[in-house]
Amino acid sequence: MTALLAERATEVVSAAQQLLTKRMGAPVKLSDPAELSGSGRTTVLRVRVAENAFSLPRTLIVKQVRGSVADPKNVTIMPGVASVDSAFLREAVSYQFTTALSRGERPGAYLIAHSLPDRLLVLSDLGENTKLTDVLRSGAEPAAQNAMMAFAQALGRMHAATVGRELDFVALLRRVDVLHRVDGIAQQSEAAVTEVPALLRRELGIEVPDEVADQVAHAARLFGGGRFRAFSPSDLCPDNVIINDEGARILDYEWGGFRDATLDIAYALVSFPGCLCDIELSRELGTQMVEAWRAEVVGVWPALADDDLLAEKILEARLIWVWLSTYWFLPADHTRIAAAREHGLSVPRSDALLNRWAGLAEDARCLGNDAVGDFAEGVCALLDEHLS
1 MTALLAERAT
11 EVVSAAQQLL
21 TKRMGAPVKL
31 SDPAELSGSG
41 RTTVLRVRVA
51 ENAFSLPRTL
61 IVKQVRGSVA
71 DPKNVTIMPG
81 VASVDSAFLR
91 EAVSYQFTTA
101 LSRGERPGAY
111 LIAHSLPDRL
121 LVLSDLGENT
131 KLTDVLRSGA
141 EPAAQNAMMA
151 FAQALGRMHA
161 ATVGRELDFV
171 ALLRRVDVLH
181 RVDGIAQQSE
191 AAVTEVPALL
201 RRELGIEVPD
211 EVADQVAHAA
221 RLFGGGRFRA
231 FSPSDLCPDN
241 VIINDEGARI
251 LDYEWGGFRD
261 ATLDIAYALV
271 SFPGCLCDIE
281 LSRELGTQMV
291 EAWRAEVVGV
301 WPALADDDLL
311 AEKILEARLI
321 WVWLSTYWFL
331 PADHTRIAAA
341 REHGLSVPRS
351 DALLNRWAGL
361 AEDARCLGND
371 AVGDFAEGVC
381 ALLDEHLS
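FYI, UniProt numbering numbers position 13 of the sequence shown as 13, with every residue one higher than the one before it.
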């Protein structure tokens, strides 16, 4: 740990000690901070509970997001996030919400304490684990395939457990600052619907047919409505997922909210459109993942037993994710691209966009949606020409 990181870790540990001491009503001493994943404004540490008059776990995870409200850089340009404040508030509320679930239903760590003014979370430690990124990067089979199947099953269990609980989430969200309740991903999906046609015209010289534009506008409604609503982390980059003895566990809720659940399984099929991570996901494995997810949710959504309906919903979700990914990464925004390139499975934006549009074209063709299939193939050809 560098001197700068050590100084930062000391500050975070001190803030966490004060928070826990205030909450417990007796001194809590933390020691041995070890840096975990974290980037930019976020510091994530594993700490040992050295002095504890209560039954706290032996180790904890402490996460703090830096940046003041007055900081003009506090309005972020990152995908899915309206601002640093709204992202933290959504994550804090999401942890409160998921902590109330039973252990078998909970998708990740549980919340022990939090401070909104300090943008500080104290979480349970999920123990020894491996990042999904590392499993996929190794290419080892059947480990990589098993990890993706566990990921799909974990999403399904989370969705099935949270159906009908949206009012609980909304009640928690209403307790926080009205200014920062913004659902960044829903907001950006609306912007993408209107702005991507001009972006494609300017960058690639292609016009969006009315039929495709109508389908995109309809697909964007999945963020604010949708027939199959459940709690959704949405930002399911492999860097934000770990694999341990309990299966796949989710680490990040900055996009947390209630949306159509097909968006989450489609996020993996598109290959993580909120960043530039890209994996070679065969059509066979993609189908198996959808089936694993469906097996977990069909009890609460019997309509998804219909193969045709399921395929249509997945295609719709893929369409809006590819649209959003284009909105985020087709412009030569070097700051945004550089941040995405720090991820463990990132590839050049030209490769990521080309693969996402090609996957959409293939899926649309298989379902007989020639309007989307033709357009996606046209975009692929132009991406290859302009960005290669």
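By construction, these hints were calculated from the structure, which means they are not laboratory data. Just so it is clear, CB atoms sit at the ideal spot from N, CA and C, and this is done for glycine as well. There could be a bad hint or two in this list.
What follows is a list of derived Cβ distance ranges for each label pair [what the hints assert, rightly or not]:
#, residue 1, residue 2, range
1, G224, E141, 26 to 32 Å
2, G368, E291, 26 to 32 Å
3, A191, S282, 31 to 37 Å
4, A26, H218, 51 to 57 Å
5, D333, T10, 55 to 61 Å
6, N244, E166, 24 to 30 Å
7, E105, L199, 39 to 45 Å
Hints versus structure:
Between G224 and E141 the Cβ separation comes to about 39 Å, which falls outside the hinted range of 26 to 32 Å. Take G368 and E291: their Cβ atoms lie about 21 Å apart, and the range 26 to 32 Å is violated. The given range of 31 to 37 Å is respected by A191 and S282, whose C-beta atoms sit roughly 33 Å from each other. The hint said 51 to 57 Å for the Cβ distance between A26 and H218, and at roughly 56 Å that hint holds.
Under the hint 55 to 61 Å, the C-beta atoms of D333 and T10, about 34 Å apart, miss the expected range. At about 29 Å, the CB distance of N244 to E166 agrees with the hint of 24 to 30 Å. Taking 39 to 45 Å as the suggested C-beta distance range, the pair E105 and L199 conforms, at roughly 40 Å.
Going through the hint list in order, the structure does not satisfy hints 1, 2, 5.
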